[in-house]
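Visitor: Each chain, written out:
Number of protein chains: 2
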Amino acid sequence: MGVYDISLPITQNLVTWPGDPVIELEKVYQLEQGDVATVSRINMCVHSGTHVDAPGHFIAGGKSVDELDLTILTGSALVVDALEADNINAAFLEKIDIPAGTNRLLFRTRNSELWSDAQQMFTEDFVAISEDGAHWITENGIQLLGVDYLSAAPFGDSNPVVHKILLRKETIIVEGLNLLNIEPGSYQLVCMPLKIVGADGAPARAILIDEKIE
Amino acid sequence: MGVYDISLPITQNLVTWPGDPVIELEKVYQLEQGDVATVSRINMCVHSGTHVDAPGHFIAGGKSVDELDLTILTGSALVVDALEADNINAAFLEKIDIPAGTNRLLFRTRNSELWSDAQQMFTEDFVAISEDGAHWITENGIQLLGVDYLSAAPFGDSNPVVHKILLRKETIIVEGLNLLNIEPGSYQLVCMPLKIVGADGAPARAILIDEKIE
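Chains as they are written, first to last, in the numbering used here: chain A, 1 to 214; chain B, 1 to 214.
Source of the hints: derived by calculation from the structure; they are not laboratory data.
Everything numeric in this text was worked out from a predicted model, so none of it was measured.
Take these hints with a grain of salt, some might be off.
Copies of the same chain look alike in the list, so a pair counts if it fits in one copy or across any two.
To be verified - Straight-line Cα separation of at most 30 Å, BS3-like style, residue types lysine-lysine; simulated pairs:
| hint | residue 1 | residue 2 |
| --- | --- | --- |
| 1 | K164 | K95 |
| 2 | K27 | K63 |
| 3 | K27 | K164 |
| 4 | K169 | K27 |
| 5 | K63 | K95 |
| 6 | K27 | K95 |
| 7 | K169 | K95 |
| 8 | K63 | K164 |
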């Protein structure tokens, strides 16, 4: 069984969205200092690293992350080769011939290469979903969407239209995936966000498992 | 497909281990206050709620949580009825006839009832693994152990012998499960801790899936 970890390693250096709280890690107790155990504390924005957006992130009164359906967060997913794309728009989505019945879609773009540099600064010109791309996704039965930078929407989208189109339809958005070493194709996705009550999102661990040959 | 969420809901009221940092949730930005999005921050001990202990928690130089094997954290698991047990000792483990080949073991004890009270105070007399129980587990091929209170070891175990027996053998310990509504039997476990680099543990989302009838 092939298991691929597509989650970003959480460190204090991991790049975060401008304006969001940065990641803080502290050893509150330490064996090396004579304590009985080592015990760490983490302070982070729920949209740091690999994470899930809930509708409540952009829609007032929208579902929170603990209310998301686990049967959408797990199951068959298609990893799409979007290495040549500058943005994921409806024309691109039409062109790539997504098989009927696909309901989880992860885009491997050039963004994934950014994660090779653990000390990277925030990048503004990452590949993202366009407005007509977001409409295409909601109109074609996609229930979960995964992207390989920190937002599904382009930077500077001050009217957050892309997120709103997706989240109004309760499309689950998984952001901050690292798909660098993932061959395009079908996998079983397991994406498990922390069950934070009432929150607009949550950090998650996400893996892909090779589909069984039956 | 039956999917059972066995993770504790993370709130500011969730009981935590005495002396550990408590859970803090804050909305840094809020739609309701005119912000573009709602964005939350969480501050928590990595041993809060449903979480995984890594060897480094009690063993100096031991593996950290990001180094744990995902193929042990996912797979066939046996939920054992331990509702009548006051502690999980070797005699109990012998008596219940665990099938050969079992390598993930979750104990449903009376602890799980405590989670019905979201406002509960910390309980000292929870059901835990005894020293000879820990030896039995490491000697019988169990690679992952799940318990339904905040520690696998009894309270007041100031020499943390139970954890050390388990973690020296790199048995993965999952703590803070809620097994109240889970029938004893075989399931597929999916336990996904956050990938926190170098940490002694991590909060996790854990689910059980009904095994396929083949």
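Visitor: For every hint, state whether the structure bears it out.
Guide: Quick rundown of the hints versus the structure:
no.: 1; hint: K164 to K95; in the structure: within (24 Å within a copy, 56 Å between copies)
no.: 2; hint: K27 to K63; in the structure: between (34 Å within a copy, 15 Å between copies)
no.: 3; hint: K27 to K164; in the structure: between (38 Å within a copy, 19 Å between copies)
no.: 4; hint: K169 to K27; in the structure: between (41 Å within a copy, 23 Å between copies)
no.: 5; hint: K63 to K95; in the structure: neither (33 Å within a copy, 46 Å between copies)
no.: 6; hint: K27 to K95; in the structure: neither (50 Å within a copy, 41 Å between copies)
no.: 7; hint: K169 to K95; in the structure: within (23 Å within a copy, 52 Å between copies)
no.: 8; hint: K63 to K164; in the structure: within (13 Å within a copy, 42 Å between copies)
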